[in-house]
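Trainee: Read off the chains here:
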Amino acid sequence: MRLSRGMHVTSVAVAVGVCAWMLLPMLWAATSALKPLEETYAFPPTFRVESPQPGNFVEAFRRLPMARFLLNSTWIAGVSAIGAVLTSAMAGYALARFEFRGRRIVGACVLAALLVPSQILIVPRFLQFEWLGWLGTYKPLIVPAWLGGGAFNVLLFRQFFVATPREAEDAARLDGAGPWTVFLRVALPSARPAVVTAGFLSFVFHWQEFLDPLLYLTDFKTFPVSLGLRMFQTLAGTWANLLMAASVAAMLPLVLLFLAIERDLMRGLGVLTSARRGRGTCDPD
Amino acid sequence: MSLQGRGAAWGFVAPFIVGFAAWCAGPLAASLFLSLTDASGASARRAEYVGLANYRAALGVDRTARADAAGPGPWLAGDGRPTDPLVYRSLGNSLAYTAMTVPVTLAGSLALALLLMQRVRGFSIVRTIVYLPHLLGGVASLVIWSWLLNPRFGGINAAIRAVYAAADPLLRATLGVTTEGWPVPEWLFSPTWCKPALVLIRAGTVGGSVLILMAALQRVPPELGEAAALDGAGAWTRLRRVTLPQLRPALVFVGLIETVFAMQAFTESYVLSHRSQQDGLLFAATYLYRTAFESPHRLGYAAALGWILAGVTGVMIAPWLAWGRRRAAFEEGGT
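Protein chains in written order, with our numbering: chain U, 890 to 1174; chain B, 32 to 366.
Hints were generated in silico from the structure; no laboratory data involved.
Some hints could be false.
Here are some chain B residues the structure puts well away from chain U; computed CB gaps all over 12 Å [what the hints assert, rightly or not]:
{"#": "1", "residue": "Ala84"}
{"#": "2", "residue": "Gly91"}
{"#": "3", "residue": "Leu137"}
{"#": "4", "residue": "Arg150"}
{"#": "5", "residue": "Gly169"}
{"#": "6", "residue": "Ala171"}
{"#": "7", "residue": "Phe184"}
{"#": "8", "residue": "Asp199"}
{"#": "9", "residue": "Thr205"}
{"#": "10", "residue": "Thr210"}
{"#": "11", "residue": "Pro276"}
{"#": "12", "residue": "Gln295"}
{"#": "13", "residue": "Glu299"}
{"#": "14", "residue": "Gln309"}
{"#": "15", "residue": "Ser326"}
{"#": "16", "residue": "Arg356"}
Heads up, incomplete: computed chain B residues facing chain U, CB under 7 Å, no partners named [to be verified]:
{"#": "17", "residue": "Gly82"}
{"#": "18", "residue": "Val161"}
{"#": "19", "residue": "Trp178"}
{"#": "20", "residue": "Pro182"}
{"#": "21", "residue": "Leu313"}
Which chain B residues stay away from chain U? Per the calculated CB distances, all over 10 Å, these [claimed, not checked]:
{"#": "22", "residue": "Tyr80"}
{"#": "23", "residue": "Tyr86"}
{"#": "24", "residue": "Thr114"}
{"#": "25", "residue": "Leu147"}
{"#": "26", "residue": "Ile175"}
{"#": "27", "residue": "Gly186"}
{"#": "28", "residue": "Pro200"}
{"#": "29", "residue": "Pro214"}
{"#": "30", "residue": "Glu217"}
{"#": "31", "residue": "Pro222"}
{"#": "32", "residue": "Val230"}
{"#": "33", "residue": "Arg271"}
{"#": "34", "residue": "Ala316"}
The model shown is predicted, which means the values in this text are computed figures rather than measured ones.
Heads up, the beta-carbon is just placed ideally off N, CA and C, and yes, glycines get one too.
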C-alpha cells in the first residue's frame, strides 16, 4: 500500500518518538554512568555530562565482583542454551519426522508443559532440588535445560522441521546413514535459523532469570549478574552513577550478541512466527 | 519407518520426556498434595494431611472480626475480615496491574505493528530498536527505570516539569492559570502511582508482541483490503472490518501471553518494591515467594496459594480463549 505524503511524514515522526522512548533507558543509564556523583543528584536533572568519568565503570567493578557475576551469567546461560537447543531440537525433530506410537501423547506433553503455570511448581521443585542436594550449585539452573530445553523451543523446532523438505535427509538415509547421523549431520545444520533463534532466546532467558538463582544459589560469588545487580542496588544504590555503570555492563553483552546475529535472528523469528500457524498443529503430515 | 527408526524416535524424545516427568508432571502432582498438608520449613518431611485447611485459611473470611481500615477491599462487602488479608491484597494488586497493563501493551503493540508494516525507508532499523528492549527487560532495565522514575532526580519527571514550564505562558494568557506548583507523580514512592509506573516500564518492552503481530499482518491477503478499498471503504473501516478480524488469532495469542505474564509478575515486584508503596506492588507471586521462602517457610500454604493464583489466572484468560474459539466456530459454521 502506498502512503500519502502526509501519512508518510506522520509515520516517520511517530517512529522517531517511539525510538526515543525505547532508547531512553539505555541513554539515561549511559549518561548517568559517566557522571560524577554530585551531577547525578543535580536538580533539575539533564542528559548533559559536564565532566565524563569513565573511571566509574572501573569503580563499579571494584565495589562488587561484577566481572565475576558476568562470567557466572555467561557460563550458566551458555551451557543452558547449548543443552536447550540440542535436546529441544531432538524432540522437535522426532515429532516432525518419525511415526511412532505415543507421538500424540508426547505432543500433548509439550503443550501441557507450555500451559502449566510456573508458580504452582515453585515449592515442589525447591523441595526436589533440596532433596537431590543441588542447592547452592548451578545444577537446578542448567540440568532442566539439558532435559527438554523448554516446550516453546520444542514447538519451534517441530514447526521448522515440518516446514522443511526432507529430501536431503532421505538421500542420506539411502546412503546408509543412521537416524542419529542424519539428524546431526543433515537436519541440524540445515536448521540454522531455528538453532540461532532458539539458542539466542534461551541464552537471553537464562541471562535474565532472576527467581531461580534467587532460590537455589547461596554463595554470592556464584551469583549471576541479575542477582548481583540486585545486590548492588540494595548495598550501594545511593551511588547512582556506579549503579548505572553496573547496569550498563549487565546489558552490554546481550546488546552486542544481538547486534552480531541480528540478521540471522530476525530471519529466524520471521520464519518461525509465520510457521506457527503453518500446517496443522498436532496432526500427522 | 523401520523398527530401528521407532527406537530412535524414543531416543530423540527421551530427554524431553524425562525432563517433563521430573520438572513438570511430578512437581505438579506433588504441589497438589503439598497444598493439602501443613508442610513447613524444617519439617517438610513430617508434613501432615490437613485437607482443605490451607485453602480455607487463604480465602476464608472471619465473620466475627470487624472489617478494619486496611481490610479486605471493596469486593468483600459487609462485616468480617479475611483470615489472611494479604491474599486478597496481593491478588487484588495482580489483578489491578493486569487490568492496567494488558490493554496498554496490546493496543501499543498493535499500533506499533501497523506502523512498522508501512513501507518507509529506515523502518527496518526501527524494528530492531523496538525489539531490543524486549530482550533487555531484566533486572538491569528495572534498576535503570527505577532511577529514571526517581521523582526528584529522574528524567521522566524532569520531562513532565519541562512540559509544565512550556505550557505555563500559554495557560496564563488563555485561562489565567499557572502551572507552578502542579504536582508531579511520585511513581515508585507512591501507593497510587507505583502500578502505573510498572505499566510505563512494561510499555517499553512490547517488541516481542509487535513481532508476532507483524508476522500475522504479513499473512493478511492484500486482495481483501484492495477489494474493500474498491468498494469505497476508508482506511479506518478497512482496519476494523478487514485487518482486525484477520488478526484475531494473533491478538488472542498476544493477549493471552500478556495476561499470564502480568498475573505471574514477580521480578519487577521484588526489585522495585518500596516501603512507601504500602504493599502496592505486593503481587500474588511475591506473596507466594514470601510465604514459602521467608520464615516460617509455610510450604504447604504457599503451594495452596500457587493453585489459587493459577485458578484466578485461568479465569482471567478464559475470555481470551472464548474469543479465540468463537472465530474457529464461525469459520467452521460456513463462510
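Trainee: The structure should be examined with respect to each hint, and the outcome stated for every one.
Mentor: Each hint, compared with the structure:
| no. | hint | verdict |
| --- | --- | --- |
| 1 | Ala84 | holds, 16 Å |
| 2 | Gly91 | holds, 21 Å |
| 3 | Leu137 | holds, 16 Å |
| 4 | Arg150 | violated, 7 Å |
| 5 | Gly169 | violated, 3 Å |
| 6 | Ala171 | violated, 4 Å |
| 7 | Phe184 | violated, 5 Å |
| 8 | Asp199 | holds, 15 Å |
| 9 | Thr205 | holds, 26 Å |
| 10 | Thr210 | holds, 15 Å |
| 11 | Pro276 | holds, 15 Å |
| 12 | Gln295 | violated, 6 Å |
| 13 | Glu299 | violated, 10 Å |
| 14 | Gln309 | holds, 20 Å |
| 15 | Ser326 | holds, 15 Å |
| 16 | Arg356 | holds, 14 Å |
| 17 | Gly82 | violated, 18 Å |
| 18 | Val161 | holds, 6 Å |
| 19 | Trp178 | holds, 6 Å |
| 20 | Pro182 | violated, 11 Å |
| 21 | Leu313 | violated, 15 Å |
| 22 | Tyr80 | holds, 16 Å |
| 23 | Tyr86 | holds, 14 Å |
| 24 | Thr114 | holds, 21 Å |
| 25 | Leu147 | violated, 8 Å |
| 26 | Ile175 | violated, 4 Å |
| 27 | Gly186 | violated, 5 Å |
| 28 | Pro200 | holds, 18 Å |
| 29 | Pro214 | holds, 16 Å |
| 30 | Glu217 | holds, 16 Å |
| 31 | Pro222 | holds, 21 Å |
| 32 | Val230 | holds, 13 Å |
| 33 | Arg271 | holds, 16 Å |
| 34 | Ala316 | violated, 5 Å |
Hints 4, 5, 6, 7, 12, 13, 17, 20, 21, 25, 26, 27, 34 from the earlier list are contradicted by this structure; the remaining hints agree with it.
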